[in-house]
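From first to last, the protein sequence lines are chains P and S. Per the numbering used here: the first sequence = residues 1 to 138. Per the numbering used here: the second sequence = residues 1 to 393.
Check each hint, because a few of them may be wrong.
Sample of chain P residues at the chain S side, in silico, Cβ under 10 Å [what the hints assert, rightly or not]: (1) 4; (2) 7; (3) 11; (4) 74; (5) 84; (6) 96; (7) 119; (8) 123; (9) 126.
Derived by calculation from the structure, the hints in this document are not laboratory data. Because the structure is a prediction, the values reported are computed rather than measured. A virtual CB, placed ideally from N, CA and C, is assigned to each residue, including glycine.
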Amino acid sequence: MNARLVPEVGSDDAPFWESGADGVLRLQQCASCTRFQHPPAPRCHHCLSEDIAFTAVSGRGELYSVSVNHQSWLPGLEVPYAVVVVAPDEAPDLRLVSRMAGLVDPGAPPRIGDRVEVRFDEVDGVWLPLFVPAGAGA
Amino acid sequence: MSRRPEQSAVIRGIGASEVGRRLPRSELALTLDACLEALADAGLDRSEIDGIATFPGGGFDSPGLAGPGAQEVQAALGLAVNWSYGGPEGGQLGGFFSAVLAVASGLARHVLVYRTVGEASAQGDAGRSRAMSFQGTTIPGFRKWLAPFDAHSPATWIALHAARHMHEFGTTRDHLAAIALNNRANAARNPAAVYRTPLTLEDYYEARMISEPFGMLDCDVPCDGSVAFVVSHVDTADDGPHPSIGIEGIGWALRQRPLWHAGPDLTGMAASDAAAHLWERSDLRPADVDQVQLYDGFTFLPLVWLEALGFCGKGEAGAFVGDGSRIALDGELPLDTGGGQLSAGRLHGCGLLHEACVQLLDRGGERQAGRPAVVAVGVGGGPTAGALTLVRR
Ligand SMILES: [Zn+2]
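Okay, chain S solo, but in the shape it has when bound (with noise of 0.2 Å):
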């Protein structure tokens, strides 16, 4: 049987650094804490990692969110690569899957890859709005077909997605609390989340209205940390410590017109193209998945994903989701399990890639969420996406 080439790859260790709210530690140091922490994970010394791959590590405008570079991290860690790659294009997993092609090719055999922010000190005390700095010069890029009219933040630009699902579909405020919520309870049993207070139905609706039909309790939370893992050859999965991950199949496909509110159709996004490319790949099916790992920088992301990977039908997530109890940690398809970007930090779509990891190696202690055996990951809200499906080996 011929194999895909992402199931030539596993990820055989993995490691995160403190989360949390303007952290007294530079971005690198946060970063060589994780990569210190999945190198010993793998069982591999610094000597057998024959590559490094990050997103995006430059070429974001936003204050804290790029991160440490490939080469500043591989210079720091005394590594010596065959292959490096960093780039901003091709979504928050793009990392991740220029190094699972990488050692599918063969041009590395462990690759370290991370994700690190620091936008929570980079932010400081003017919060976001600290992210739109552009006043006194035009606006470049695609945010001149915003900012100008006054769509400064990404809360706004998604909220036109959201609240066009709820004019044809009938989703509502409570469903979008509902996720909420979840994350939130989940995040009550991560020591490691930012947000670990329980939140109630009264809370997210006092909360303070930024872009309708978002609160504050609908946006994550801007957070300093990282997250790394090493992706290995599948020939040494069974070289390590412990099990190996697996990786079934990938989706990274954009076929529709890659700009923010291109339309015409704005209740889906890209996530559309990476979950159908993702399920044109694996052999799996979503009745197959054990749970779920979705983007949740704003609580209708993952709307957004259930629909798109096939979890319910168009238009249906709200009810799918209804008061939350099919996706808690005991329903039928736990999702976030970690508390989400929502409430244990905006690690950019690794910090999820992570928990997955975490729940298939039994580490999540109060969280975990039996024991799977297939979790799909979907990273990515507008005109960016990635999807996969990881395994129990």
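Excised from the complex, chain P in its bound form (with noise of 0.2 Å):
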């Protein structure tokens, strides 16, 4: 689609990053107080246990709102594309952002409330979450 950028993985995030290798999304949940942060960190920002772990989750959730970027910031980079902020089904106060895959067809682009699921995009070792509409399939 186009060149990506790609994030410094850092020893606190790389399960982040590199969960997309089984088509699973992972975000850390505390062990202690069951809830859900992110980005991550080294321990739970709530209750400050360090007792803290990526979980599985669905990889569905709700678009809580969403951006159509007309304009290309980078040489190649198509535009319009939708960046948005996901609020994840088993976490829906937490803010996911991230950017619809593929272009947005000016007829039906994205809305906040629109149903979604993560599909990844490999690049260099790094599985970035994108978002589809919910049933697109593979």
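Hints in hand, dock the two standalone chains.
Written out as structure tokens, the structure reads:
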């Protein structure tokens, strides 16, 4: 699709970036207070427990916000595409910034409230969790 | 009656360089222009300046955004200081607030504060795309949660807040347009503004879309320029050639997680923390405020600040602004009287602070909005914010 920018992967967030290798999204969840957090950190910011692990989630959620971007910020970046904030089903108060895979159909742009599911895009050993409309299939 | 620390400080003088698109002067030259004007305005010799501060003076990865560091400017002006500070955290007013605290604590008596940008020259022909120069490397820091998903620009980051606000509260692009048109109308009366040609609603809607709901005219204008302030001890407030400006209260709180899009509610921002802190400290209330200078890096942000500062209820800023008559120069709450960053140039919050002083000194010329006694300033978007009330003495 496009040459994607790749995150600097660190020991705290490597499990998030590598999670998609088996097609499953994993979010950091605290074993002490059961709450999720994103971005990942060494401890749970709610209760400061270090007993925190990456939990497999469905990869499904709802669009909390959407911005259809028309500006090509990088050479070769195709537009229009939609940057989204996803509220995952298992953690509806969590906010996950991502983008919809592919370009936006001007006749049917993604909207707040739409159901979406994860689809990974692998670049240099990093699996970026992008999203597609729920039920869009593989 | 006990005095809050910020009331121990005043703004005794202000200065500004030329502000424009790609000026043929270096960032340091522009900085010295603004600083020398501020010294003269304060009636002080450089030998009397014993402190210097800026924000950030380094530590920003966006070309032309950082400006010269405090030590570089100190050296260029030949200053001997007891205190200096520069740093990329603490928000756009961090340098100014630090100067206020240095004066209040007695570390310094007259602090020179400046803010310089050279974004227009640094970005060159590529415009803001030039600022996204990460290709070939991996993305560190907070941008690693944004750039890999092609959220490259603050336009997109803040658009995600605006879109949710529109969804929940019925805010419209007409409301955003009211901010753009208001600020351009004010800039038309400001000879120092970058863009002064009046705008129509048609112009607004015909402008190229950037990141919905923001088009070109929802985004501020990168510029080259510098503003400077002399922050002095209140004991010297009456020793200058004109009245000093009082600092009635400051709000610097950051109570929510200072991360982009941490949520869960993205209809507000850190502005609500700084505003709450300001009103906890201040003896004034929103009804006492005569005009506002609110951060307008994007048209949506003044709406965020109007709600945060309590000029209207949560979600009501669109209706409050309405067709713009309430916030016009002759309205009940004039907003961004100099044209703001949208039209006068993106001096990263400190241009708005400068304009607040211009108005309190009755130097606004054709854009002077009455004779304000109290001006509220709110600066920042996303996870940074600072607010203050300035008063006529
Ligand atoms: Zn916990």
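Evaluated hints:
1. 4: 6 Å, holds
2. 7: Given a least distance of 4 Å, the restraint on residue 7 (chain P) holds.
3. 11: 14 Å, violated
4. 74: 6 Å, holds
5. 84: 8 Å, holds
6. 96: At about 9 Å, which falls below the 10 Å cut-off, the nearest Cβ of chain S leaves the hint on residue 96 (chain P) intact, so it holds.
7. 119: 13 Å, violated
8. 123: It holds, given that the least Cβ distance between residue 123 (chain P) and chain S is near 8 Å, below 10 Å.
9. 126: The hint holds - residue 126 (chain P) has a Cβ within 10 Å of chain S, the shortest such distance being about 8 Å.
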